[in-house]
Amino acid sequence: MTATTAAKKSGPSAGPARGKPRKPRRAGWWLPYALLAPAVVFELVIHVIPMVTGIWISFLKLTKMFISNWGNAPFVGFKNYSIALDFNSAVGSGLLKSFLITIAFTIVVVGVSWSLGMAAAVALQKTFRGRAIFRTLFLIPYALPMYAGVIAWKFMLQKDTGALNHLLYDNLGMPGDKPFWLIGDNAFAAVVMVAIWRLWPFAFLMLMAGLQSIPTDVYEASAVDGAKPLRQWWAITLPMLRPVNLVLVLVMFLWTFNDFNTPFVLFGNAQPPAGDLISFHIYNASFLTWNFGSGAAMSVLLLLFLLVVSGLYLIFMNRRKDRA
Amino acid sequence: MKIRTFAAAAAIAALAITATGCSGGTSNSGSSDGGGKTLTYWASNQGTSLDNDKAVLTPELKKFEDQTGIKVNLEVIGWNDLQTRIQTAVTSGQAPDVLNIGNTWAASLQSTGAFMPFDSAAFDAIGGKDKFVKTAMDTGGMPGQDPTSVPLYGLAYGLYYNKAMFADAGLTPPTTWEEMAADATKLTSGDKYGFSLAAGSYTENSHFAFINAAQNGADFFDSAGKPTFASDGVVDGISRYLDLMQTNKAVNPSNAQYDNGTQAINDFATGKAAMILSQNNADSSIASQGMKNDAYGVVAFPAPKGGKQIATMVAGINMSIFKNTKNKDAALQFVKFMTSEATQGTLDKSFAALPVLNGVTPSFTDNAAEAKTFSDIYSNKSKPLPLVAAEDQFESTVGKAMNQMFATIASGGTVSKADIKAALTTAQQAVEAAG
Chain A
10 MTATTAAKKS GPSAGPARGK PRKPRRAGWW LPYALLAPAV VFELVIHVIP MVTGIWISFL
70 KLTKMFISNW GNAPFVGFKN YSIALDFNSA VGSGLLKSFL ITIAFTIVVV GVSWSLGMAA
130 AVALQKTFRG RAIFRTLFLI PYALPMYAGV IAWKFMLQKD TGALNHLLYD NLGMPGDKPF
190 WLIGDNAFAA VVMVAIWRLW PFAFLMLMAG LQSIPTDVYE ASAVDGAKPL RQWWAITLPM
250 LRPVNLVLVL VMFLWTFNDF NTPFVLFGNA QPPAGDLISF HIYNASFLTW NFGSGAAMSV
310 LLLLFLLVVS GLYLIFMNRR KDRA
Chain B
6 MKIRTFAAAA AIAALAITAT GCSGGTSNSG SSDGGGKTLT YWASNQGTSL DNDKAVLTPE
66 LKKFEDQTGI KVNLEVIGWN DLQTRIQTAV TSGQAPDVLN IGNTWAASLQ STGAFMPFDS
126 AAFDAIGGKD KFVKTAMDTG GMPGQDPTSV PLYGLAYGLY YNKAMFADAG LTPPTTWEEM
186 AADATKLTSG DKYGFSLAAG SYTENSHFAF INAAQNGADF FDSAGKPTFA SDGVVDGISR
246 YLDLMQTNKA VNPSNAQYDN GTQAINDFAT GKAAMILSQN NADSSIASQG MKNDAYGVVA
306 FPAPKGGKQI ATMVAGINMS IFKNTKNKDA ALQFVKFMTS EATQGTLDKS FAALPVLNGV
366 TPSFTDNAAE AKTFSDIYSN KSKPLPLVAA EDQFESTVGK AMNQMFATIA SGGTVSKADI
426 KAALTTAQQA VEAAG
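For the protein sequence lines, the chains are A and B, in the order given.
Following my numbering, the numbering of the first sequence begins with 10 at its first residue and continues without gaps.
Following my numbering, the numbering of the second sequence begins with 6 at its first residue and continues without gaps.
This is chain A alone, in the form it adopts within the complex (with noise of 0.2 Å):
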């Protein structure tokens, strides 16, 4: 930084400000900046690179005819996003409908997991014997290896031979027959049970780390004055754990909007209608036909959507807590 503001005082023909009194620079300067660079690497190798690609192939007539040879497909500009926001076509009424299918698992998911995670979490604050077994017994589904997690799942949802309809309908003594899980419209429940089993678990180690930061004596001067247990979660764990729950609640939801792993390996290649969440819907939209420019155009719009809804919320919850 320095140098260059040198070089601008003496102009483009005078070259390196040579001679200019200057700052030594202290041993060892460079280190932070060394110690940053890897992680810039991976950020831009990991996040960044990849995005932008990801935008420029959404401008690309991506079809088979040319994932041999990138450079050859031809741009085709706005003509992915008109065909997938197109919502009397077919692949633009797909999409509509996939995301309203999100919307409703997204809203389940994140209230049912929260609700769970906080109940566990209030129920588990007080010591008491063997309160460290629960602690443990209810981080097991955060802590078991996603696919192994959610392949257990598959077989516990199948029709004939699965552990749920046996334990429903063998040993409960349902009526009726049996029903599919994993195909037709029973598949919206089934994906949203697996993914509440998966992230309840987050919300519960999330708040019960919260709960720990709240003082005791509130609670202890809020009884003084006759406050049951409902009235004390109201008026004192809430608000107190408010910070937590902000960003809690928006890494859920982006989580649970962008799921991919649990359609994916709950229904791998059935893809039921009432389960095609949006992730999953670009995959197959953009494998269906090979039309890779027109899932980038897909994803790009997802990006978008969530950018939006996230910078909304943030504002709106800041805004409230200013007024507050």
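The hints are simulated quantities; they were obtained by calculation from the structure and are not laboratory data.
Mixed in with the good hints there might be a few duds.
Derived pair list, reagent style DSSO-like, types lysine-lysine, alpha-carbon separation capped at 27 Å [said to hold, decoys possible]:
1. K191(B) to K187(A)
2. K328(B) to K70(A)
3. K106(A) to K163(A)
4. K70(A) to K231(B)
5. K328(B) to K67(B)
6. K106(A) to K422(B)
7. K76(B) to K333(B)
8. K187(A) to K277(B)
9. K254(B) to K187(A)
10. K134(B) to K331(B)
11. K187(A) to K197(B)
Stretch-level coverage of chain A by chain B, calculated; a stretch enters the list once three of its residues show a Cβ under 8 Å from a Cβ in chain B [said to hold, decoys possible]:
12. 73-87
13. 94-103
14. 185-191
15. 290-300
Using N, Cα and C, we set each Cβ at its ideal position, and we do this for glycine too.
Could you slot chain B onto chain A? The hints should help.
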């Protein structure tokens, strides 16, 4: 301070090495390493399991290595993954040297430009174009261009029926669709079903969409290569096929989750279903489940009364060479070896495949009647799938739409002809948008 600086520098250097190692480690897997050449070969799943394929192919590959000094690294890939794996290979260029493809994909893969065209020199190197049966060779690529694949195994669909179950019910093998549907209903009782279908397999479903439509004289593409998915003949054909589960109730609804042919074959071999529609390579799977060859018979998949006598598409496996292979000569030698009479004789028997070489008698079964039936279906009652660039998109869009139709029926819903037409129109629009 010095030591800390040094340690930090060392850590950064180590990271940098790891990072470059990552990018360097994914170079072309089929590269030649000094003296002995090595080829990478992706085989499709032809036997009873991926391991079975490996066990059958490994001795042949050893023979090839002994003859030529070229080592072949084999990977067997299941049908659910093969198309995606090929797509990824085409996209990234991280490809094997030689691979098997479903012959119905030949024209589509040709249009990617990632495969080596077999010009006359290449054909000379593998023993000439004329050594192949013409029906099979015609599937090698688009008409009027140098094909990008050559036939390896010939396959055809047949209707397999359980002789004992037919005899017990006083039935003879059906010759029309109507008879077949009536037989299937009659043979369904309790936990035994007249039919088992791979109703969750998009490739199988698309094949039967094609065959049933062809029996009605309908095509999925017009002469200009434009999709015509939603014509009445196609809708009727698909509706007829769905009715085996929907109206005739001769198919276990659980079949809607059968995403590969082997599951249906297992039901047949274990006596849970009286009939299946399968390609001739089912023989090895049936035998592996303990059903004797004389316990079942095979007839041509019947057309409805007044329909065209088309019982199968020209099914089979072709071999392709990736254009960017560094071992073109070795790859050609390998294709020559795999399509030689000696190797074909062994593999046709193990994988129950029809010969793709001229003048070779079928060796896949000792049952002369069955061999004759399949040869007759393959030569006289077959129709090739459209040799157009969008063929693979036909398979994936129409096949997956049919998966959903079966899923709807299996979970208690109904699929009307209007529903079928709407789904096919959607599929057609998706294909047009990508065209």
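Please check whether the region 94-103 of chain A has three or more residues whose CB lies within less than 8 Å of a CB on chain B. holds (count 4)
Does K163(A) lie within 27 Å of K106(A) when you go C-alpha to C-alpha? Within the cut-off at roughly 24 Å; holds.
So is the region 290-300 of chain A in contact with chain B by the C-beta rule, three or more residues under 8 Å, or is the coverage claim wrong? Coverage by chain B holds for the region 290-300 of chain A (6 residues, Cβ < 8 Å).
How does the coverage statement for the region 73-87 of chain A fare against chain B, requiring three or more residues with Cβ below 8 Å from a Cβ of that chain? holds (count 5)
Satisfaction of hint between K331(B) and K134(B), Cα-Cα up to 27 Å: It holds: about 24 Å lies between the C-alpha atoms, which stays within 27 Å.
Under the criterion that the straight-line Cα-Cα distance not exceed 27 Å, is the pair K76(B), K333(B) satisfied? Answer holds: K76(B) to K333(B) is near 14 Å, not above 27 Å.
Sort out whether K70(A) lies within 27 Å of K328(B), counting only the CA atoms. It holds: about 23 Å lies between the C-alpha atoms, which stays within 27 Å.
Taking 27 Å as the top limit, are the C-alpha atoms of K254(B) and K187(A) close enough? Holds: K254(B) and K187(A) sit about 17 Å apart, inside 27 Å.
Does K187(A) sit within 27 Å of K191(B), going by the straight-line distance between their CA atoms? Roughly 24 Å between the alpha carbons, so the hint for K191(B) and K187(A) holds.
Measure nothing beyond the straight line between the CA atoms of K187(A) and K197(B); if it is 27 Å or shorter, mark the hint as holding. holds (18 Å)
For the pair we were handed, K187(A) and K277(B), check the Cα-Cα distance against 27 Å. holds (19 Å)
Between the alpha carbons of K328(B) and K67(B), is the straight-line distance 27 Å or under? holds (25 Å)
Of the numbered hints stated above, none is contradicted by the structure.
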